[in-house]
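J.: Here the protein sequences line up with chains A and B, keeping their order. Heads up: the first sequence begins at 0 in numbering that gives the first Met the number 0, then just goes up one per residue. Heads up: the second sequence begins at 0 in numbering that gives the first Met the number 0, then just goes up one per residue.
Everything labelled a hint here was simulated from the structure, so no lab data went into it. The structure presented is a predicted model; accordingly, all values stated were derived computationally and were not measured. Keep in mind that a hint or two might mislead.
Taking lysine to any residue and the SDA-like style, the derived pairs with C-alpha atoms no more than 20 Å apart in a straight line are [stated by the list, open to error]:
1) K98(B) / Q220(A)
2) K159(B) / Q227(A)
3) K187(A) / L256(A)
4) K25(B) / K64(A)
5) K146(A) / K98(B)
6) K98(B) / P106(A)
7) K158(A) / D163(B)
8) K159(B) / E228(A)
9) K158(A) / K98(B)
10) K25(B) / L256(A)
11) K146(A) / A112(B)
12) K64(A) / K79(B)
13) K79(B) / G127(B)
What follows is the residue order along each chain.
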Amino acid sequence: MRLGYLLLSFCRVVEVGAAALLLCATAARAAGAPIPHGTLEFVAENQWIAPGRTIHLGLHFQMEKGWHIYWTNPGDSGEPPRVKWQLPAAVTAGEIEWPTPRRLGTPTIVDYGYQDDVVLIVPLHVAAGFTTHGETRGTAQFGAEVKVLVCREMCIPGKAQLSLTLPVESQPPAPDAQTAELFAAARKAMPRPVPSSWGISVADAGDSFALTAKLGEHFAQASFFPLQESQIKNAAPQQFAAVPGGFRLTLQKSDQLLKPIARLKGVLVLAGNLGYIIDVPVTANKAVTARRDDGRSLAAAVFRPSSVIATPPLAR
Amino acid sequence: MNRLTLYRTLVVLILVALPLLIAAAKVGDTAPEFTATTSNGKTVRLADYRGKYVVLEWHNNGCPYVGKHYNSGNMQRLQKQWTSQGVVWFTVLSSAPGKQGYVTASEENDYLAKEHAAPTAALLDPTGEIGHLYDAKTSPQMVVINPQGVVIYSGAIDDKPTTDLQDVQGATNYVTLALQQAMAGKPVQTAATRPYGCSVKYAD
Numbered sequence: 000m001r002l003g004y005l006l007l008s009f010c011r012v013v014e015v016g017a018a019a020l021l022l023c024a025t026a027a028r029a030a031g032a033p034i035p036h037g038t039l040e041f042v043a044e045n046q047w048i049a050p051g052r053t054i055h056l057g058l059h060f061q062m063e064k065g066w067h068i069y070w071t072n073p074g075d076s077g078e079p080p081r082v083k084w085q086l087p088a089a090v091t092a093g094e095i096e097w098p099t100p101r102r103l104g105t106p107t108i109v110d111y112g113y114q115d116d117v118v119l120i121v122p123l124h125v126a127a128g129f130t131t132h133g134e135t136r137g138t139a140q141f142g143a144e145v146k147v148l149v150c151r152e153m154c155i156p157g158k159a160q161l162s163l164t165l166p167v168e169s170q171p172p173a174p175d176a177q178t179a180e181l182f183a184a185a186r187k188a189m190p191r192p193v194p195s196s197w198g199i200s201v202a203d204a205g206d207s208f209a210l211t212a213k214l215g216e217h218f219a220q221a222s223f224f225p226l227q228e229s230q231i232k233n234a235a236p237q238q239f240a241a242v243p244g245g246f247r248l249t250l251q252k253s254d255q256l257l258k259p260i261a262r263l264k265g266v267l268v269l270a271g272n273l274g275y276i277i278d279v280p281v282t283a284n285k286a287v288t289a290r291r292d293d294g295r296s297l298a299a300a301v302f303r304p305s306s307v308i309a310t311p312p313l314a315r
Numbered sequence: 000m001n002r003l004t005l006y007r008t009l010v011v012l013i014l015v016a017l018p019l020l021i022a023a024a025k026v027g028d029t030a031p032e033f034t035a036t037t038s039n040g041k042t043v044r045l046a047d048y049r050g051k052y053v054v055l056e057w058h059n060n061g062c063p064y065v066g067k068h069y070n071s072g073n074m075q076r077l078q079k080q081w082t083s084q085g086v087v088w089f090t091v092l093s094s095a096p097g098k099q100g101y102v103t104a105s106e107e108n109d110y111l112a113k114e115h116a117a118p119t120a121a122l123l124d125p126t127g128e129i130g131h132l133y134d135a136k137t138s139p140q141m142v143v144i145n146p147q148g149v150v151i152y153s154g155a156i157d158d159k160p161t162t163d164l165q166d167v168q169g170a171t172n173y174v175t176l177a178l179q180q181a182m183a184g185k186p187v188q189t190a191a192t193r194p195y196g197c198s199v200k201y202a203d
């Protein structure tokens, strides 16, 4: 934090001449602020800000081995990082662009998040009327108060106050290679839209949702990460069944889901940790509900997911 | 494989899979029966408290979400308020030995004294059996059982899923609401919420 502030001061003091630009460029990344078992760096994708533009900043979390932070839906436990922005007038922050999460935790308590290293990119929209004046003319200062829960066996809440100064430029300068690489990797890790040739549908099947994916190619496994809490039972196995042209995933409903939902949103992750953004309407599926009533062998009934079995407490 | 071996294998498989097959208690279910040892060495059974409201409070003294409610005095206040109205309040400790949050009976008693906590009793659940029966995922996590032995609330303690002390005041406390509504003979409006906190540290 201190070093970052020093660089900022340098930037402001040495304000005239070409030398100023060079010195400001070294403040492209504010020095990492300490967080529990890691550091948090505030990085600008590019050293500029201009009216009417969208710029991208990154929150680069680097955790000690085994420590993790959480996705926007943290799952069964935990809490996602929260950001309070301090922005110049005429600048607004968009939503965090979350990379594809990983499944963390244990078989009975399933969380969603990131281990070791992750960059959360945030777009900042600069209105056409954006101006700078007075002492700080030609630069804009950005602040972010970040609260983050970092966990391994223990959970430790942390808070970091970050700041960054960017020069007002009419053209984006060439990004430095390290920063460009950081953002490229971060973008690669984000879930992408589903290809237009794919067909994804979700049906309400009573105690579960049936997600059917017609992909035209073979995938041996898939898992679904719900965007919103309390819709899917995070710890329930997601039964995978091959269907012509793709697969069907059975997602057990959460015990907290008391009303039907109109749409199911989340990330579908296929082999190779490739994530796809899912946002589809939920339809009632008469065929599935009819099939549930037909006769089944005792063995099949015994080994079905727990929620359909009514059992008296075991005698002790 | 001969028939007897096959039979034995099947029995073993079923016994192993059984905890996963038996649905953990949900709102509206009969509260599963349990027997537990308290930090004072007494044996308690849930059945002994039929006819009273029972609150189960999953606890881990190292979790900052639990810390929020104890450092603010909120949990102690709730314990005193409701036990004085005849509610039975059990703090449940489901961390496995060697895991974060595991405490011996005397360590728990020291903690209760230091924090001026006032549960009816602290239940030692190192095998996690009670935790699994009630699908306890986090600490804190709260379950409210009515005098008829039915689970009427399960989930978060309140609606502010943070570690910030200042979020205690002004939060909607789901345990208080459930008890007030049920005691007034009304249905519990918010009966199931996502519990927030640190994961319960069951055995591997």
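J.: Does K64(A) pair with K79(B) here, judged by a C-alpha cut-off of 20 Å?
T.: violated (42 Å)
J.: Hey, K158(A) versus D163(B), does the alpha-carbon distance stay inside 20 Å?
T.: Roughly 11 Å between the alpha carbons, so the hint for K158(A) and D163(B) holds.
J.: Holds or violated: are the alpha carbons of K187(A) and L256(A) at most 20 Å from each other?
T.: violated (33 Å)
J.: Compare the distance between the alpha carbons of K79(B) and G127(B) with 20 Å, and conclude whether the hinted pair is satisfied.
T.: Not OK: K79(B) and G127(B) at ~26 Å, beyond 20 Å, violated.
J.: K159(B) and E228(A) were given as a pair; does the straight-line alpha-carbon distance stay at or below 20 Å?
T.: Roughly 14 Å between the alpha carbons, so the hint for K159(B) and E228(A) holds.
J.: Take a quick look at whether K25(B) and K64(A) sit within 20 Å of each other, Cα to Cα.
T.: violated (37 Å)
J.: Are K158(A) and K98(B) close enough, with their CA atoms no more than 20 Å apart?
T.: violated (26 Å)
J.: Do the alpha carbons of K159(B) and Q227(A) lie within 20 Å of each other, as the hint requires?
T.: holds (16 Å)
J.: Sort out whether P106(A) lies within 20 Å of K98(B), counting only the CA atoms.
T.: With a Cα-Cα distance of about 16 Å, the restraint between K98(B) and P106(A) holds, given a limit of 20 Å.
J.: Check whether the Cα positions of K98(B) and Q220(A) lie no farther apart than 20 Å.
T.: It is violated: about 33 Å lies between the C-alpha atoms, which goes past 20 Å.
J.: Checking one constraint from the list: CA of K146(A) to CA of K98(B), max 20 Å. Satisfied?
T.: violated (26 Å)
J.: Quickly compare the C-alpha distance for K146(A) and A112(B) to 20 Å and report which way the hint goes.
T.: violated (32 Å)
Going down the numbered hints, you'll see the structure goes against 1, 3, 4, 5, 9, 11, 12, 13, while the others check out.
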